[in-house]
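Asker: Use the sequences and the hints to build the structure in full.
Residue numbers (this note's numbering), protein chains in the order written: chain A, 89 to 339; chain B, 9 to 330; chain C, 5 to 324.
To be clear, the hints were calculated from the coordinates, so they are not data collected in a lab. Think of the CB as a built atom: it goes at the ideal place given N, C-alpha and C, for glycine as much as any other residue. Treat the hints loosely; a few may be bogus.
What the hints assert, rightly or not - Which bits of chain A does chain B cover? Going by a derived footprint, with three or more residues having C-beta under 8 Å, they are: (1) 159-169; (2) 176-182; (3) 192-205.
Claimed, not checked - Have a look at the derived ranges for each label pair, beta carbon to beta carbon: (4) B:Pro-171 x C:Tyr-314: 41 to 49 Å; (5) C:Leu-315 x B:Asp-12: 51 to 59 Å; (6) A:Gly-226 x B:Arg-52: 17 to 25 Å; (7) B:Ala-120 x A:Asp-149: 24 to 32 Å; (8) A:Pro-113 x B:Ile-205: 42 to 50 Å; (9) B:Pro-171 x C:Thr-291: 15 to 23 Å; (10) C:Glu-214 x A:Lys-264: 21 to 29 Å; (11) B:Pro-171 x C:Gln-42: 28 to 36 Å; (12) B:Arg-19 x C:Tyr-314: 45 to 53 Å; (13) A:Pro-140 x C:Leu-102: 56 to 64 Å; (14) A:Arg-201 x B:Val-322: 38 to 46 Å; (15) A:Asn-124 x B:Leu-28: 49 to 57 Å; (16) C:Arg-224 x A:His-218: 44 to 52 Å.
Listed below are the residues making up each chain.
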Amino acid sequence: MIGISGVSKSYGQTVVIDDVSLTLPKGGLTSIIGPNGAGKSTLMSMIARLLPIDRGTVMVDGLDVALTAGDALAKRLSILRQDNHLAARLTVSDLVSFGRYPYSKGRLTDEDRGHIERALTYLGLDELKHRFLDELSGGQRQRAFVAMVLAQDTDYMLFDEPLNNLDIRHAVAMMKLLRDAAKDLGKTVVVVLHDINFASCYSDHIVVMRRGRLFRQGVPEEIIREEILIETYETDFKVRDMDGNRIATFY
Amino acid sequence: MSPDEIRKSSRLILLCLAALALISMVAFMTLGAKGSWSFVLSFRGTRLAAMLIVAYAIAVSTVLFQTITGNRILTPALTGFDALYVLLQTSIVFLFGAATLTGLDPQLMFIAEVAIMVGFSLALYRLLFGSGRHNVHLVVLIGIVLGGLFRSMSGFLQRIISPDDFVVLQDRLFASFNVTDQTLVGVSALLIGLVTIAIWRMFSVFDVMMLGRDTAVALGVDHKAMTMRILVLISVLVSISTALVGPVTFFGLLVANLAYILMPAAKHRIMLPAAVLVAIICLVGGQTILERVFAFDTALSIIIEFAGGLFFIVFLLKGRVR
Amino acid sequence: MKSLIPALLLIFCLAVVSLFVGVSDVSLWSVLNGTADQRQVMILLASRVPRTIALLLAGSGIAIAGMILQMLARNRFVEPSTTGTVESAGLGMLVVLLLAPDMPVMAKMLVAAVFALAGTGMFLAVLRAIPLRSVLMVPLVGIMLGGMISAVTTFFAYRFDLFQSMGAWANGDFSAVLRGRYETLWVAFALTIAAYIAADRFTVAGMGEEFSTNLGLNYRRIMAIGLVIVSMVTASVVVTAGVVPFLGLIVPNIVSMAMGDNLRKSLPWIGICGAGLILACDIVGRTINAPFEIPVGTVLGIIGSLFFLYLLLRRQSRVA
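Answerer: Listed below in C-alpha cells is the structure:
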C-alpha cells in the first residue's frame with residue numbers, strides 16, 4: 089500500500105501539487121490520468137523519491153520514502169521515467185543486470201542471473217540480449233528498460249508514460265505485459281497514462297489529477313463517465329460500452 | 009556481443025594497450041641517450057614519472073566527470089576546474105606575496121592548495137548541483153562562464169601584483185610537459201595512490217551513475233553524495249595535473265573518447281584502465297617521437313590540443329560521439 | 005524609438021567621462037574655457053578622442069556581430085570568441101606578421117577578415133553536418149574549433165619567435181589606440197548599419213532554413229551576408245584592440261530577454277548597450293588601479309561573466 093498524505097510541491101510561486109492525500113491499493117494496476125500540467129509525473133517522482141517533497145509524507149508499506157535509505161527502498165519500489173537516453177554503450181543484458189544492483193552491488197550471484205534471464209525472457213528479449221542498446225529500435229529499447237525494472241523485482245513498480253514512442257502494436261503489448269505482471273507476479277503496478285482508453289481497459293483502479301489536485305479516484309466504471317471526463321479535460325466526451333469495456337470518444 | 013566475448017576482447021585490447029604503453033615508456037627512457045646511464049635514467053625517470061601521473065590524472069578525471077554529467081563531450085577543464093586552480097595560485101601570491109611563499113615547503117604548500125581547491129570546488133558545485141537541480145546543460149554553461157570569470161580574475165590580479173611577484177607566479181603557472189616541477193612528483197604520486205584506493209571499490213557504483221540521476225536513485229544509489237565524492241576526486245586529480253603541466257583542455261577529451269571507441273563495453277572496470285593506458289601512449293609516445301625523432305622541444309601540448317580538437321570534430325561529424 | 009533618447013544621452017555622458025579620464029591631466033573645463041595648453045589638446049585629439057570613438061564603434065559592432073551570429077547558428081550561447089571567428093582572425097594576423105609585416109592596417113584587417121570568414125564558415129558547416137546537435141554542443145564545437153585554430157597559431161608563433169607580439173592581442177586593450185590606428189573600425193560601423201538595413205532578413209533566418217525558404221527568402225544569401233558582416237567587424241576589432249570577450253554574448257541575451265528577437269526593434273538597443281558596457285568597463289579599467297591600466301577585456305570578463313551568471317541562476321531558480 090502506498091499512502092500519500094498532504095503532499096504539496098511548488099516551484100517558486102507556482103504550486104504544482106497542492107495537498108494531495110490518496111491511498112494506492114496493494115496489487116493490481118493503477119493508472120494516473122489527467123490533462124497536461126495536472127502534476128501526474130511530479131506526483132509519481134515524489135513517490136519514488138526522485139523529487140524532494142515540500143510538505144506531507146509518502147509511505148510505502150509503512151516506510152517513509154523521505155527517511156528510508158535509498159538502497160533499502162530500491163528493493164521495494166522501482167520507477168521508470170520517460171526519455172531514457174544513455175551516453176554509454178551498453179548491451180541489453182548489461183542494462184538489465186543493473187536492475188540487480190540494489191541486491192548485488194555489482195557482483196552478480198546465481199540468483200541475480202536467474203532474475204535477469206527471467207526478465208529478458210518475459211519481455212521477449214532473448215534474441216536481442218547481446219545487442220547494444222544503440223542498435224535497437226525505440227520500442228525494443230523501451231522493453232529493455234522495462235526488463236531492467238522487472239529484474240529489480242520490487243513489490244511496487246512505477247512507470248511514467250511507458251507508452252511514449254510506442255506504436256499501437258507495441259503499446260498494446262506493453263499494457264498487456266504490465267497487467268500480466270500485476271496479475272501473475274503479484275506486483276503493484278502504477279502507470280501515468282495519456283490515453284484514457286488504455287487506462288479504462290487495463291486498470292483495476294484509476295486516479296484522476298487536475299490542476300495539481302486529486303480530482304477523482306475509483307474503478308474504471310466509476311471514472312470513465314462523460315460528466316467526469318468533460319470536467320477533467322474541459323472537452324466534450326462520449327462514453328460507450330464496447331465488449332465489456334468503456335470507451336471514450338472525443339472527436 | 010555475449011559477456012564472454014566482451015570479456016575476451018576487452019582483455020585483449022587492454023593487453024595491446026599495455027604493451028604499447030610499455031614500449032613508449034622504454035623508448036622514452038633509452039632512445040638517443042648519451043653519456044652516463046645512471047644520470048640519463050634518473051633524469052628521464054623523474055620526467056617519465058611526472059608524465060605518467062599527469063596521464064593518469066587527466067584520463068581518470070575526464071572519464072569520471074563524463075560519468076556524472078552523462079555527457080561525453082565535457083572535460084573538467086571546459087567547466088573551469090583548471091582555471092580555478094590558476095586563480096587560487098594567483099590569489100595566494102596576491103595575498104601573501106611571493107617572498108613569503110618561496111620560504112615555505114613547496115610540498116606542504118601543494119597539499120594545502122589541493123585541500124583549498126577541493127573545498128572551493130565543492131562549495132561551488134554544491135551550489136550548482138544542489139537543491140534538486142540537475143539540468144546538466146545549465147550547470148555546464150555556468151561552468152564555462154565561471155571558467156571565463158576565473159581566468160579574467162586571474163588576469164586582473166596578475167596585472168596588479170608587483171612585477172617580482174609576477175615572475176615567481178609565472179614560473180609556477182607556466183609549467184609544461186617539458187619542465188615539470190620535480191619537487192611535486194613525489195607528493196603527487198602519493199595523492200594518486202590515495203585516489204586509486206578510493207576508486208578501487210567503486211567501479212560498480214560508477215557504472216550505475218552512468219545511467220543518469222533518476223535511474224541511479226531508483227536503483228538505490230545516494231546520487232548526491234556520490235556526485236560530491238566524485239567531484240572531490242576530480243578536484244584532487246585536476247589540481248595534480250594543473251600543478252605539474254598547467255592547463256590542458258582537450259587532452260582528456262581525446263583520451264576518454266578513444267577509450268570509449270576502443271573498448272567494447274562501457275564498464276568502468278575496463279574503461280578507466282583503458283583511458284589511462286591511452287593517455288600514457290599519447291603522452292609518453294608523443295613526447296618521445298617529438299623529442300627524439302623531430303627534435304621539437306616545446307610543442308607537445310600544442311599538438312595535443314590540435315589533435316584533440318580535430319579528432320573530436322571528426323568523430324562528431326561521423327556521429328560516433330554521443 | 006523615443007526611449008532610445010535617454011540611452012543615447014547616457015552614452016554621451018560616458019563618452020565625455022572617457023575623454024577626460026587618464027594619466028595625463030586634461031579637464032573638461034580647461035578645454036571649454038580655452039586654458040588648456042597645446043600638449044593637453046594634443047593628447048585629447050590624438051589619444052582620448054580616438055580611444056573613445058574606437059570603444060563606441062567596437063562595442064556596438066561586437067554586440068551586433070554577436071547577435072547576428074546567434075541568429076545564424078540559431079543558438080543563444082555563441083559569440084565571435086566561441087565560434088572560432090576571433091581565433092581565425094588571430095591566425096590571419098600571424099600570417100600577415102610572417103609574410104608581409106609592413107602591410108597597411110586596412111590590408112591587415114582585410115586579411116584577418118578573410119581568415120575570420122573562413123573560420124566562421126567552417127564552424128557553421130560543421131554545425132550543419134552534425135547529427136542530433138544539442139543546445140550545448142554548439143558553443144562547445146565552437147570553443148573546440150577555436151582551440152584548434154589557436155593551437156596552430158601558437159605553434160607557428162613559437163617556431164618563429166612571434167609569441168610576444170601575438171600575446172598582445174589576446175586580451176582586448178584600447179590603451180594603444182591612437183589617431184591613424186583605429187580608422188578601420190569605421191568599416192565595422194558601416195557594416196553594422198548594413199546589418200540594421202537587413203535586420204528583418206536576419207530575424208527570419210534565425211528561424212531556420214525551411215522557415216526562410218517558406219517565406220521566399222534566399223537562406224544561403226542571408227547566411228553569406230551575415231558571415232561577411234560578422235567576420236569584418238570581428239577582424240577590425242581584433243586588429244585594432246584585440247579580443248573583447250563576453251560582450252557579444254551577454255548584450256544580445258540581455259536585450260533579447262527584455263524585448264524579444266525582432267532585430268528591427270532590438271538591433272539599435274544591442275548597439276547602444278554594447279557601446280555603453282564597453283565604455284563603462286574601459287573607464288573602470290583606467291581608474292581602478294591608476295596610474296596603471298587594466299585591459300578592458302579583463303574588466304569585461306569579470307563584469308560580463310558575473311552578470312551572465314546572475315541571469316542564468318535567476319532564470320534557473322524561476323524555472324527549476
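Asker: Look at each hint and say if it fits the structure.
Answerer: The hints, checked one at a time:
| no. | hint | verdict |
| --- | --- | --- |
| 1 | 159-169 | holds (count 9) |
| 2 | 176-182 | holds (count 6) |
| 3 | 192-205 | holds (count 3) |
| 4 | B:Pro-171 x C:Tyr-314: 41 to 49 Å | violated, 34 Å |
| 5 | C:Leu-315 x B:Asp-12: 51 to 59 Å | holds, 53 Å |
| 6 | A:Gly-226 x B:Arg-52: 17 to 25 Å | violated, 54 Å |
| 7 | B:Ala-120 x A:Asp-149: 24 to 32 Å | violated, 50 Å |
| 8 | A:Pro-113 x B:Ile-205: 42 to 50 Å | holds, 49 Å |
| 9 | B:Pro-171 x C:Thr-291: 15 to 23 Å | holds, 21 Å |
| 10 | C:Glu-214 x A:Lys-264: 21 to 29 Å | violated, 40 Å |
| 11 | B:Pro-171 x C:Gln-42: 28 to 36 Å | holds, 34 Å |
| 12 | B:Arg-19 x C:Tyr-314: 45 to 53 Å | holds, 51 Å |
| 13 | A:Pro-140 x C:Leu-102: 56 to 64 Å | holds, 60 Å |
| 14 | A:Arg-201 x B:Val-322: 38 to 46 Å | holds, 40 Å |
| 15 | A:Asn-124 x B:Leu-28: 49 to 57 Å | holds, 55 Å |
| 16 | C:Arg-224 x A:His-218: 44 to 52 Å | holds, 46 Å |
Figure legend: structure checked against the earlier numbered hints; hints not met, in rising order: 4, 6, 7, 10.
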